[in-house]
Amino acid sequence: MFTLTYVLLWLALAAYVVYLVREGHWMGWVATGLSIVAWGTLTAGLVRRGLAAGHWPVANRYEFALCFVWAIIAVYLLLEASWRERRAGPFVLAIALLVATYAVTRPPADKALMPLPPVLRSVWLQVHVLTALVGYAAFAVAAGLGLMRLVRRNPVSGHLPGEEIERAMERAVALGFPWLTLGILTGAIWAQNAWGRYWGWDPKETWALITWLWYLLFLHVRPLRRWRGKRSAWLVVAGFGLVLFTFVGVPWLVRIVRLETLHGY
Amino acid sequence: MTSDKSPTPKWIWRFFARLNVTAVLIAVVLLLAVLGSFFPQLPPTIATDPERLARWEAAVRARYGALTNLLAVSGAFRCFRSPVFLAPVALLALATLVCTLDRWRGLWRRAFHQPVRCSDVALDTAPHTASLTAPDAAALPRIVRECLEQRGFRVRTEVAPTNQPTIHLRGDRYRLSPLATLVTHLAVLLLLVGAVLSSGYGWRERVTIGPGETAEVGHGSNLALRDEGFIVARYPDGSVASYEAEISITEGDREVKRSRVRVNEPLTYGGVGLYLQSYAGTEGRYSVTLLTVHDPGYGLVITAGFLLLLGLTVSFNFPHCWVHARIGPQGTLRLAGRADRRAYDFGREFEALVKEIGARCSH
Chain X
1 MFTLTYVLLW LALAAYVVYL VREGHWMGWV ATGLSIVAWG TLTAGLVRRG
51 LAAGHWPVAN RYEFALCFVW AIIAVYLLLE ASWRERRAGP FVLAIALLVA
101 TYAVTRPPAD KALMPLPPVL RSVWLQVHVL TALVGYAAFA VAAGLGLMRL
151 VRRNPVSGHL PGEEIERAME RAVALGFPWL TLGILTGAIW AQNAWGRYWG
201 WDPKETWALI TWLWYLLFLH VRPLRRWRGK RSAWLVVAGF GLVLFTFVGV
251 PWLVRIVRLE TLHGY
Chain D
266 MTSDKSPTPK WIWRFFARLN VTAVLIAVVL LLAVLGSFFP QLPPTIATDP
316 ERLARWEAAV RARYGALTNL LAVSGAFRCF RSPVFLAPVA LLALATLVCT
366 LDRWRGLWRR AFHQPVRCSD VALDTAPHTA SLTAPDAAAL PRIVRECLEQ
416 RGFRVRTEVA PTNQPTIHLR GDRYRLSPLA TLVTHLAVLL LLVGAVLSSG
466 YGWRERVTIG PGETAEVGHG SNLALRDEGF IVARYPDGSV ASYEAEISIT
516 EGDREVKRSR VRVNEPLTYG GVGLYLQSYA GTEGRYSVTL LTVHDPGYGL
566 VITAGFLLLL GLTVSFNFPH CWVHARIGPQ GTLRLAGRAD RRAYDFGREF
616 EALVKEIGAR CSH
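Top to bottom, those sequences are chains X and D. Here the first sequence stands for residues 1 to 265, where the numbers follow the numbering used here. Here the second sequence stands for residues 266 to 628, where the numbers follow the numbering used here.
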């Protein structure tokens, strides 16, 4: 099922690129349709996996990556519907495919269904992971818009005004930031329940804070004139780099620098 | 603080009220957090336990070798408790406080004391303006009011007492939204106060007890814990599904509480929380390790976190928008619209409003 989603996402990306090059072409509808079908198959796959495992499919890095892709497509499709604009499609889908490629290339051991260890048997697992996911997905969409803003002079980006792209980008960050805050907050409540401390400067917690501070910085400098335009787009793209590092880079950092962490993934 | 006789505090005040100073402080805290994340941080529970501290130090020494002393002196292993990190955090808190005090009067006025009438300059310089003439001047105030109210605006009216009365209308939507900024800033300050309470007045200690054994909680609590039993549940593959300890708490000689403690389900009594950490032993005879915690800052931190969330949600999703309408005696209508920067679609909405008023006037 997930392989089918992956193939559909590539096809949707190709359709969006054709739509972008030949503006106003019916291929735009095909691209949106393929994205919706990909999202549908991913939803079905996640539900099936959840039923088979007996818990929400958010218990390891592989499942989180799949849910991440699901959330990026969902937030993007909502943006497309409300904005009535498809030209951001190739950029956002490229980001979704980056995460999807990470998921499908996981070794079989990571993909195997595993029973939940005692610490993950909590309602806060779902609440914490799902809230953080919405925030991450909104930041992914913002990064897609940021990439679009950065290549705006290029003919393939059409004629969408830079200011309009920036507004949409800021809107996506403004959507994601409260969700990331809620994700950190619910994580703190869970940590207090499980480990007796709400904050312990665990590498994962520290990088979640770093990501939060980065977007806080973006929201503070955004009204300043000299930080508009491509600079703000760079900030948003780099912010998503931090999101990815918090997700896949921190376990690597823990391993390389031999840090201690209580976080499973 | 801002008296003319002492120019330095005034300068300091203005300095900390600047947005780019706050941005620089956020960036400094962020960079220090990145640096700190590359080094193992000494947990407070280990710092107070000589045996575990020695083990932790030996592990760090084995990892960093000759660099260990240099890193220890530079504060790399206590980065988030070092003055180098805490100083910019304190300055950020100061900047937040100054910014809040600097802005509250203006934001309060914007929320509660906005005049209905609008000057010519304001009408001319608003980012969104329109004017039209209606054949039925008498119906115009009602039409404008209805169109605004349909869009969720709270409308106030004032009639200028002149020979040829001019009617002023002001519609506000989410007029209390500017106060959310104050809530957000206040929440950040409360969060830091909570963190100070947690680290300054809280304590954490590990207690290991065997079956039927009793251990004192200490810290002047007069509480003791007794291990009344322990159960491990396993999945069919043999891995641990859950484990729980039955713990009784005595205060003096009297048992005051008895309950099961599981991972994610702590037991609390008299401001002390018991968290099941681990177990050791063989089937039927397990000792359990509990973390006893007293954290007076936790409630404040979580409350502040939710206040922060409330402030952010309102600021980003319910931006203040307002529309001024001036209706002249000949049926001339001038409209001016302004909105918070985050009202992304206000321009489009203003156009739709003008269009609807025009259409209803011509019927």
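Since the hints were made in silico from the structure, they are not lab data. Using N, Cα and C, we set each Cβ at its ideal position, and we do this for glycine too. Each hint should be verified, as a subset may be incorrect.
Here are some of the chain X residues that sit facing chain D, going by a computed Cβ distance under 7 angstroms [said to hold, decoys possible]:
(1) Met-27
(2) Thr-43
(3) Thr-181
(4) Leu-182
(5) Pro-203
(6) Lys-230
(7) Trp-234
(8) Val-237
(9) Gly-239
(10) Ile-256
Computed list of lysine to any residue pairs in SDA-like fashion (alpha-carbon distance at most 25 angstroms, straight line) [to be verified]:
(11) Lys-111(X) <-> Gly-549(D)
(12) Lys-111(X) <-> Asp-389(D)
(13) Lys-230(X) <-> Ser-507(D)
(14) Lys-522(D) <-> Gly-549(D)
(15) Lys-230(X) <-> Arg-416(D)
(16) Lys-111(X) <-> Ala-288(D)
(17) Lys-111(X) <-> Gly-612(D)
(18) Lys-111(X) <-> Trp-199(X)
(19) Lys-230(X) <-> Asp-389(D)
(20) Lys-111(X) <-> Arg-499(D)
(21) Lys-620(D) <-> Asp-389(D)
(22) Lys-230(X) <-> Gly-549(D)
Here is what the structure says about each hint:
1. Met-27: violated (27 angstroms)
2. Thr-43: Violated, about 26 angstroms.
3. Thr-181: For Thr-181(X), the interface hint holds, since the closest Cβ of chain D sits about 5 angstroms away, which is under 7 angstroms.
4. Leu-182: Holds, about 6 angstroms.
5. Pro-203: Hint on Pro-203(X): holds, closest Cβ of chain D at ~6 angstroms, below 7 angstroms.
6. Lys-230: For Lys-230(X), the interface hint is violated, since the closest Cβ of chain D sits about 18 angstroms away, which is over 7 angstroms.
7. Trp-234: violated (14 angstroms)
8. Val-237: violated (17 angstroms)
9. Gly-239: violated (11 angstroms)
10. Ile-256: Since chain D brings no Cβ nearer than about 10 angstroms to Ile-256(X), farther than 7 angstroms, the hint is violated.
11. Lys-111(X) <-> Gly-549(D): Not satisfied, since the Cα-Cα distance of roughly 35 angstroms exceeds 25 angstroms.
12. Lys-111(X) <-> Asp-389(D): Violated, because 63 angstroms separates the two Cα atoms, which is more than 25 angstroms.
13. Lys-230(X) <-> Ser-507(D): violated (52 angstroms)
14. Lys-522(D) <-> Gly-549(D): Holds, at about 24 angstroms.
15. Lys-230(X) <-> Arg-416(D): Measuring from Cα to Cα gives roughly 34 angstroms; hence the hint is violated.
16. Lys-111(X) <-> Ala-288(D): With a Cα-Cα distance of about 42 angstroms, the restraint between Lys-111(X) and Ala-288(D) is violated, given a limit of 25 angstroms.
17. Lys-111(X) <-> Gly-612(D): violated (48 angstroms)
18. Lys-111(X) <-> Trp-199(X): violated (30 angstroms)
19. Lys-230(X) <-> Asp-389(D): violated (32 angstroms)
20. Lys-111(X) <-> Arg-499(D): Within the cut-off at roughly 22 angstroms; holds.
21. Lys-620(D) <-> Asp-389(D): Within the cut-off at roughly 19 angstroms; holds.
22. Lys-230(X) <-> Gly-549(D): violated (65 angstroms)
Checked against the numbered hints given earlier, the structure breaks hints 1, 2, 6, 7, 8, 9, 10, 11, 12, 13, 15, 16, 17, 18, 19, 22 and satisfies all the rest.
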